[in-house]
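There are 2 protein chains.
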Amino acid sequence: MAKINEDLQRERDKCTFKIAELTTLIDGGRDRTDARREREKVLLSRTKDLHGVPEEYLSHKEKYESAIKNSVILFGIVRQMQEEGKTSVTDYRDVITSLLASAQTRDGSPMGVHYIMFMPAILNQGTEEQQAQWMPRAWNSSIIGTYAQTELGHGTFIRGLETTATYDPSTKEFVLNTPTLTSYKWWPGGLGHTVNYCIVVAQLYSKGQCHGIHSFILQVRDEETHAPLPGIKVGDIGAKLGLNSVDNGFLGLDNVRIPRNHMLMKHAQVLEDGTYVKSKNSKLNYGAMVFVRVVIVFDMVNYLSKASTIAVRYSAVRRQCHMKEGAPETQILDYLTQQHKVFISIATTHALRVTANKLWDTFNAVTEELGGGNLNRLPELHALACCLKAVSTADTANCVERCRLACGGHGYMQSSNLPLTYGLVTAACTYEGENTVLLLQTARFLVKTWQNVDTAKLTPTVEYLKITRSKGFIDKWQNSIECIIKGFQIVAMGKISSSVDHMQQRISNGMALEDAWNMTSVQLVSAAEAHCRVIIMSTFYEEINKAMATVSPELRKVLQKLVELYCVYWALEKVGDLLQYAPIAQSDIRDMKSWYEDILVELRPNAVALVDAFDIRDGILHSTLGAYDGRVYERLMEEALKSPLNGEPVNQSFHKYLKPFMQGKL
Amino acid sequence: MAKINEDLQRERDKCTFKIAELTTLIDGGRDRTDARREREKVLLSRTKDLHGVPEEYLSHKEKYESAIKNSVILFGIVRQMQEEGKTSVTDYRDVITSLLASAQTRDGSPMGVHYIMFMPAILNQGTEEQQAQWMPRAWNSSIIGTYAQTELGHGTFIRGLETTATYDPSTKEFVLNTPTLTSYKWWPGGLGHTVNYCIVVAQLYSKGQCHGIHSFILQVRDEETHAPLPGIKVGDIGAKLGLNSVDNGFLGLDNVRIPRNHMLMKHAQVLEDGTYVKSKNSKLNYGAMVFVRVVIVFDMVNYLSKASTIAVRYSAVRRQCHMKEGAPETQILDYLTQQHKVFISIATTHALRVTANKLWDTFNAVTEELGGGNLNRLPELHALACCLKAVSTADTANCVERCRLACGGHGYMQSSNLPLTYGLVTAACTYEGENTVLLLQTARFLVKTWQNVDTAKLTPTVEYLKITRSKGFIDKWQNSIECIIKGFQIVAMGKISSSVDHMQQRISNGMALEDAWNMTSVQLVSAAEAHCRVIIMSTFYEEINKAMATVSPELRKVLQKLVELYCVYWALEKVGDLLQYAPIAQSDIRDMKSWYEDILVELRPNAVALVDAFDIRDGILHSTLGAYDGRVYERLMEEALKSPLNGEPVNQSFHKYLKPFMQGKL
Ligand SMILES: Cc1cc2nc3c(=O)[nH]c(=O)nc-3n(C[C@H](O)[C@H](O)[C@H](O)COP(=O)(O)OP(=O)(O)OC[C@H]3O[C@@H](n4cnc5c(N)ncnc54)[C@H](O)[C@@H]3O)c2cc1C
Ligand SMILES: Cc1cc2nc3c(=O)[nH]c(=O)nc-3n(C[C@H](O)[C@H](O)[C@H](O)COP(=O)(O)OP(=O)(O)OC[C@H]3O[C@@H](n4cnc5c(N)ncnc54)[C@H](O)[C@@H]3O)c2cc1C
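Protein sequences appear in the order of chains Z and E. Residue numbers for the first sequence follow our numbering, so the first one is 865 and each next one is one higher. Residue numbers for the second sequence follow our numbering, so the first one is 865 and each next one is one higher.
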């Protein structure tokens, strides 16, 4: 191994806690750390030297081809796990949503949706027979599928989908059609050239009646030749901001027939004669949506741990300007503005991880209750997953860009791996529910809750709405974490309450409910975000407090600071809200700014250790700026030399265009 | 021309002002509109059908080659202008920083820096003789150059550059060297494979003494063969987040000799015997920096006008969900949250344009004064250009992403042209002075000004610092534009003042000045931004008020609303600052929210007309979502079909990898 950059080494030498202890805490146990490292070692050894020219230099088509090559290696591991009997949802999550996956197919995998949506959809919506029919082949990748819901004309508004599935009792088949241009399926990952099956979401017609949207399993390509089946138009939707190694696809259907039992019938059914049997409960599908959204929050944690590792290590290596005349150049990590830019990403990574774990546990608990027929907590869970998905993706996107910009010019290089990371993260702000739309869904739940706050028994995540209203909830402001969390609870309550008032007033002035809702929607979105901030902050605080009991005093101090950083950062960001709703004074704010500055300075000596604890090996981090040894400039140059433009001293365009132009002949 | 989408047509029919009148106002006169349109027509006709596969599908190398092909066409126009005698700075700006340029080389031109920095540097730093020697060849592109300042190890800290130029009196030459890896030049646009000359910034050594950094003209490639000259290592730095058709390059120098008169000697000189003659004033270079930064603000205006055109037109065409059950699906432009996302971009485009024009005029005035030896206004102008560059690029980057996200999934398609636009805009947050560093420079000027506020005569842009301190500056808060601007002046003053206090207190507690500055730097950045917001807001308000006299009553109303939108939007964004420093009450804020909602609703009917007035033709806008006729879905499909992945029904990777994998043979 090459020599470690001296500045980085010094950072590691002076850190005040044991890095391995934090890594264990993050992984959730020593054995889990070991298992993860083992998986990483295996995979990375298999793929060593697989790559030729780095992907960023390839054409769109070549990127796809390279991703297929890499994906089959990655998913070979999933198959192997299955053969070893490791088929629990957690095992599965460990591979699919791990950093490992993001290393193997850096700009996304064409087969990702197979694991994250195709299989879960069959598990959730298929009958036991259907599961028995499809799952074994899906698990071992004999077939590869995607989830085709969105159309050119409709994404958010699922009820507006135009694809039709019309039951024909004479042949016991459904006839699938995309009758208009806007009804073409558009976006499903892997649909373009990879998958041979998909779940199609379509309007079900039987006996001349429309029964709304339902899911169907459709074969799109021949298993042997991979040629599109008759009546099927399928292809790549084209280049995107990111995820360019995923062939998001379009799909047009012209009288394509599938057998009756290809409709997923766990909840609703069409009988042989065409009789439609309704689902018992329309909310049952919430479960699947929640699952995917939790997975997304974990994804965000992964990406953000990468981005912060890169930015922090680079900031320790990069020296620029003299803070003091005559002194050596300053490590940019010593500038308070730089700490302000990057430390929040470390804290956010932990805050989101802790919250995602909690959400995951709640999800599993509720799923068990569902088995027993208890649907009570579904609406709360759904509202929670909506806002957490929205806020975690938005925050992560902001943090990643902040990290990238904090790396100055070199952050703009693809070889930093920050641009690609942003492309992946910002996509999550849109897919699986556009963020504004999701926040409005949470707002709807909050408004309903608020309107019954005096009479209903409140579920855990909204209990604070009642408590904050009691007199003296905050007697006197104190600059403490507890008080800040209380302050945010008051803010969330205040925003919900004043949105409702605002809406009521518009209604009293004669406005229709829907218009009043719309006119209040900017405020409602802000209320839902405030609610979500309460959840993240308080969960982070509580869970870290629980962990305190089991960790060393050294680590305890650092964790405490991370919680402080998160809370004080957001208190200052949202100081306008606190001033409006909580009893905070101008002098408190002045002191809070100093507090914030002090936290940054206190975290400074441990910054590199904190990101080292994320334990992301170079093969996964894939960054010239973030590698463990800090050989930043050497790596930048090594990567540059891989640019195919440097394969020849003079590019052909000189002779063809440039020279004639310069000589005035063009 | 194809049929116009009905929704768009309806928007145009119902607008309340004359679109052409606003276009004229934006261009600065009817004749300028005509001239611009003529230039666009000529260029677009020359390039019709030039493009084969859309650029986003090409490899890194092909992107570069395509950009060279397109650039020579674009810059043929510059040459033609020169031949026609149109060589004023304004003529020049019209082409180089126009939307036109961005249409021709969509992801940046390898020759951009030739026009924006190479030639201006010679004009600014070259003697008359040197100008006579180099400018004619540069103007007509017989030689193409770039500006090579940044090195692998140093960007912000120019004094830290490591490249050396050592004078050898025996041959009357300079010997250039990059003695370390970190001293390699890194980043200059076009340096990789395009240019044959460049300005190199290096530490000047003569008679064994270092005299700091100076600029030299260096030939890097042979004019006939384009081969790198002896001692020169040059190449492409590799793939980037954006600007991938520009070959940003690296440059290593090994004892490369250039004649003495290749040092640009307008300000400082090295005589034949090696005697160094110092520049009269170190601030003289500010002029060039200000020029480039003003050009950047104009760039931002262009990009933002594009992004808002795309987002607004698409929002008029896109229908999603029913606001009211039974009604037709809602144009998403009718959702208040959507208006909140996109209208601010329209207002910001105008605010920045008006401010950039003002800055441009000031720049020209000060340049004239410079001719007369008057340097008084340079520091102010420099501070102004720093913060305007920083705030305009940051705001534009945020607005462009906001516009993109507002287009939902389709905004993520390259064919929307929003991703590329973001890549260009966010680069400007870093180049020509990293934004944080620039804001700290403005802060330094503000702190100095503040420390002499009672005694010095204040220059125009900071006069408010004195006035705001007078008692009763705001007697009672009113929700009016005038009061909001005053409120922001108080905020800026308050932030500067409390930063200074904060710093003083740390110093009194025994901290060194530099450390106290650093500990206050987060607050200082925020103060500089607040100052800049005052400048933009008040300039926008004043200049639009001046324009009021000359425009029709219909247009007047709309312009008034745009100013309101800008001010109220920022008042609500910065409500925490207003609450801390200005006498605003909670009820004022409540009313202000309603005011904001009302402004959005009032602007709604004119939204499409407002972006139509930017008058960006389809060939320049280059967007499936934003085209004039609103054929969004047709265009998305047409573009998708151009993806080379769709050239064959089954991709080769199926046979190579996917099939063996699915059949368990891999
Ligand atoms: C990278 C990527 C991968 C994807 N993968 C898949 C996949 O595998 N399978 C699949 O089926 N789909 C997929 N999608 C599609 C994705 O699910 C949709 O893009 C997403 O649901 C957003 O819907 P939309 O595009 O219709 O946005 P729109 O709804 O058109 O959003 C546009 C704007 O309208 C606003 N808006 C819309 N409705 C309302 C409302 N009621 N109130 C207020 N504002 C509103 C939004 O806030 C937004 O600002 C993918 C998308 C992307 C970008
Ligand atoms: C697309 C692009 C094109 C370019 N084109 C050219 C070109 O044609 N010619 C050329 O010569 N150069 C060019 N550059 C280089 C560009 O000018 C530099 O990248 C820019 O000046 C920023 O410097 P840096 O990269 O050293 O950032 P750094 O200074 O390393 O910034 C990294 C971080 O350190 C912080 N920091 C640095 N100094 C301080 C300080 N004193 N106080 C507080 N914080 C500090 C910054 O705020 C930032 O967060 C280009 C860059 C890009 C991205």
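Quick caveat, the hints were computed from the structure, so don't treat them as lab data. Hints are not guaranteed to be accurate.
The list cannot tell twin chains apart, which means a pair is met if one copy fits it or any two copies do.
[What the hints assert, rightly or not] With a straight-line cut-off of 20 Å between C-alpha atoms, the simulated SDA-like cross-links for lysine to any residue are:
id	residue 1	residue 2
1	K1457	M945
2	K1457	L1304
3	K950	G1528
4	K1097	E1512
Next item on the list: Please write out, lowest number first, the hints stated earlier that are contradicted by the structure.
Entry: 1
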